[in-house]
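Undergrad: Hey, can you work out the whole structure from these sequences and the hints?
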Amino acid sequence: MAEKKFTGKHFLMVFVGAFGIIISVNLFLAWNAVATFPGLEVKNSYVASQSFDARRDAQEALGWDVSARAKGGLLILSITDEDGAPVQVTNLDAVLGRATHVQDDRTPDFQFDGKAYVAREELAPGNWNIRMNATALDGTPFEQRVILRVEKS
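Going left to right, the sequence shown walks through residues 436 to 588 as our numbering numbers them.
Calculated from the structure, these hints are not laboratory results. Hints may be right or wrong, so weigh each one.
[As the list claims (entries may be wrong)] Between beta-carbon pairs, the in silico distance windows are:
#1 Gly549 x Gly507: 14 to 24 angstroms
#2 Val530 x Gly507: 51 to 61 angstroms
#3 Ala470 x Gly507: 34 to 44 angstroms
Think of the CB as a built atom: it goes at the ideal place given N, C-alpha and C, for glycine as much as any other residue.
TA: So this is what it looks like as structure tokens:
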């Protein structure tokens, strides 16, 4: 049986094939990253920055502490004041989702039970974010991203 030689054509095919795979994978990952990115936070960052300090100071003056937990099919969002008392707001808009993509985003139907805001949500294990916008009884807007870690049960 004759021995086959490794020629320049063979080397070229291996070289082009290897780099073709690398470039294809990179293009796929870049396309996937752009396709799943939720987009801009604000339309004009300069305009948003002009009132940032005043909004932050007003929000911090409320002295609220916000935390979230998932328990028994319920999503519990606790808002407390400086004394640890529950806070009821006039308006609460929240989006629950993963930190890395928007395909799991949903809007929980939070109801105030006298102690916290509760919504029925079955959450898979992992990291979740609640992007909340609330309005205090005095009209002060409050915005916060609340990080929630759900452990395997």
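Undergrad: Against each hint, give a clear statement of whether it holds in the structure.
TA: We went through each hint and held it up to the structure:
no. : hint                                : in the structure
1   : Gly549 x Gly507: 14 to 24 angstroms : 18 angstroms, holds
2   : Val530 x Gly507: 51 to 61 angstroms : 22 angstroms, violated
3   : Ala470 x Gly507: 34 to 44 angstroms : 35 angstroms, holds
Violation of the numbered hints given earlier is confined to hint 2; every other hint is satisfied by the structure.
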